[in-house]
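Student: Sequence:
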Amino acid sequence: DPAASEGRLEPIIKELEKHKDYEFITAKPATEDDILLAHTKVHIQRIKNSSMIYEFALLSAGGAIKAAEMAFQQIPTFGCIRPPGHHASANSCWGFCFFNNISVSLLKLNNQKKIKSAFVLDFDLHTGDGNINILGMHTDKLKTEILNPISYSEAEYLEEIAKTFSNIEKGKFDIITASAGFDEYVLDWGGKLSTKAYNKIGKMMKDFSEEKCEGRRYALLEGGYYFEDLGKNVFSFCEGFK
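When we follow the numbering used here, the leftmost residue of the sequence shown carries the number 6, and every step to the right adds one.
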């Protein structure tokens, strides 16, 4: 599974461990009831039938829930989790995603009566069709807005995010989260964003959350395939985000 192949999480953890202000927290697996907030029973059974994938997917979703719960307590959190989730829809999945971590975590907060609205920034190279599918099915109880930037240059990409953020009034959203993909990197498939750009994205999310949703923010790891620089790109994002 390229989504969790050797060499992906290791450089991220190694880079963050160099810095004392990053604390690693072990999450508990999500429950089936948690997953049912976003997925059908048929889909869950399908994943159950797939060897050990089910257990790993539950743990990843549990990490997302933990990140969301900490974010609600105004502790900025980055979920270094695998498998990813933004291509998992309510009743299907692809792209090495099995359960939709963003959707499960947001719907869990909503089910706990903690949030009624959320903004999702998806800066992965590939559009998070699963995020769109699932969150679009729950607009009656959880108001969401999703931004998948489509600009062609780094400057335009950052400006698209900044402009979107500036047009959102304070208090419209209870929390901001990100499907944090790092495959738009200049040496990755997207060929667009520098390491410094990820720092700017993190900083924009920090400023947005502190100005408009009481500092509540978290991000969950999605794509990123240039392993040599993945650690430094995640660290750059986290330095702006923290």
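Keep in mind that the hints were calculated from the coordinates and are not lab data.
Mixed in with the good hints there might be a few duds.
Stated by the list, open to error - Computed cross-link-like contacts, DMTMM-like style, restricted to lysine to aspartate or glutamate with a CA-CA straight-line distance of at most 20 angstroms:
1) 237 - 11
2) 201 - 174
3) 205 - 145
4) 175 - 150
5) 119 - 26
6) 71 - 28
7) 205 - 20
8) 177 - 215
9) 121 - 219
10) 168 - 216
11) 247 - 215
12) 237 - 159
13) 33 - 74
14) 177 - 219
15) 71 - 11
16) 177 - 150
17) 197 - 159
18) 201 - 20
19) 208 - 233
20) 19 - 74
21) 205 - 159
22) 175 - 134
23) 201 - 150
24) 119 - 38
25) 197 - 174
26) 177 - 159
27) 121 - 215
28) 208 - 159
What the hints assert, rightly or not - Between beta-carbon pairs, the in silico distance windows are:
29) 232 - 157: 21 to 29 angstroms
30) 142 - 18: 30 to 38 angstroms
31) 19 - 146: 34 to 42 angstroms
These figures come from a predicted structure and were not determined experimentally.
Built from N, CA and C at the ideal position, the CB exists for glycine as well.
Student: The structure should be examined with respect to each hint, and the outcome stated for every one.
Tutor: These are the hints, each one checked on the structure:
1. 237 - 11: Between residue 237 and residue 11 the Cα gap is close to 17 angstroms, so the pair holds against 20 angstroms.
2. 201 - 174: violated, 27 angstroms
3. 205 - 145: violated, 33 angstroms
4. 175 - 150: holds, 14 angstroms
5. 119 - 26: Measuring from Cα to Cα gives roughly 27 angstroms; hence the hint is violated.
6. 71 - 28: holds, 14 angstroms
7. 205 - 20: holds, 19 angstroms
8. 177 - 215: holds, 13 angstroms
9. 121 - 219: holds, 14 angstroms
10. 168 - 216: Status holds; Cα separation ~15 angstroms.
11. 247 - 215: With Cα atoms ~11 angstroms apart, residue 247 and residue 215 stay inside 20 angstroms; holds.
12. 237 - 159: Holds, at about 18 angstroms.
13. 33 - 74: holds, 13 angstroms
14. 177 - 219: Measuring from Cα to Cα gives roughly 11 angstroms; hence the hint holds.
15. 71 - 11: It is violated: about 24 angstroms lies between the C-alpha atoms, which goes past 20 angstroms.
16. 177 - 150: holds, 10 angstroms
17. 197 - 159: Satisfied, since the Cα-Cα distance of roughly 6 angstroms is no more than 20 angstroms.
18. 201 - 20: With a Cα-Cα distance of about 16 angstroms, the restraint between residue 201 and residue 20 holds, given a limit of 20 angstroms.
19. 208 - 233: Distance of about 23 angstroms is beyond 20 angstroms: violated.
20. 19 - 74: violated, 25 angstroms
21. 205 - 159: Answer holds: residue 205 to residue 159 is near 11 angstroms, not above 20 angstroms.
22. 175 - 134: Between residue 175 and residue 134 the Cα gap is close to 27 angstroms, so the pair fails against 20 angstroms, i.e. violated.
23. 201 - 150: violated, 26 angstroms
24. 119 - 38: holds, 18 angstroms
25. 197 - 174: Violated, at roughly 29 angstroms.
26. 177 - 159: Violated: residue 177 and residue 159 sit about 27 angstroms apart, past 20 angstroms.
27. 121 - 215: Satisfied, since the Cα-Cα distance of roughly 18 angstroms is no more than 20 angstroms.
28. 208 - 159: Between residue 208 and residue 159 the Cα gap is close to 15 angstroms, so the pair holds against 20 angstroms.
29. 232 - 157: 21 to 29 angstroms: holds, 25 angstroms
30. 142 - 18: 30 to 38 angstroms: Holds: the Cβ-Cβ distance is about 34 angstroms, inside 30 to 38 angstroms.
31. 19 - 146: 34 to 42 angstroms: Given range 34 to 42 angstroms: holds, Cβ gap about 40 angstroms.
The earlier numbered hints that this structure contradicts are 2, 3, 5, 15, 19, 20, 22, 23, 25, 26.
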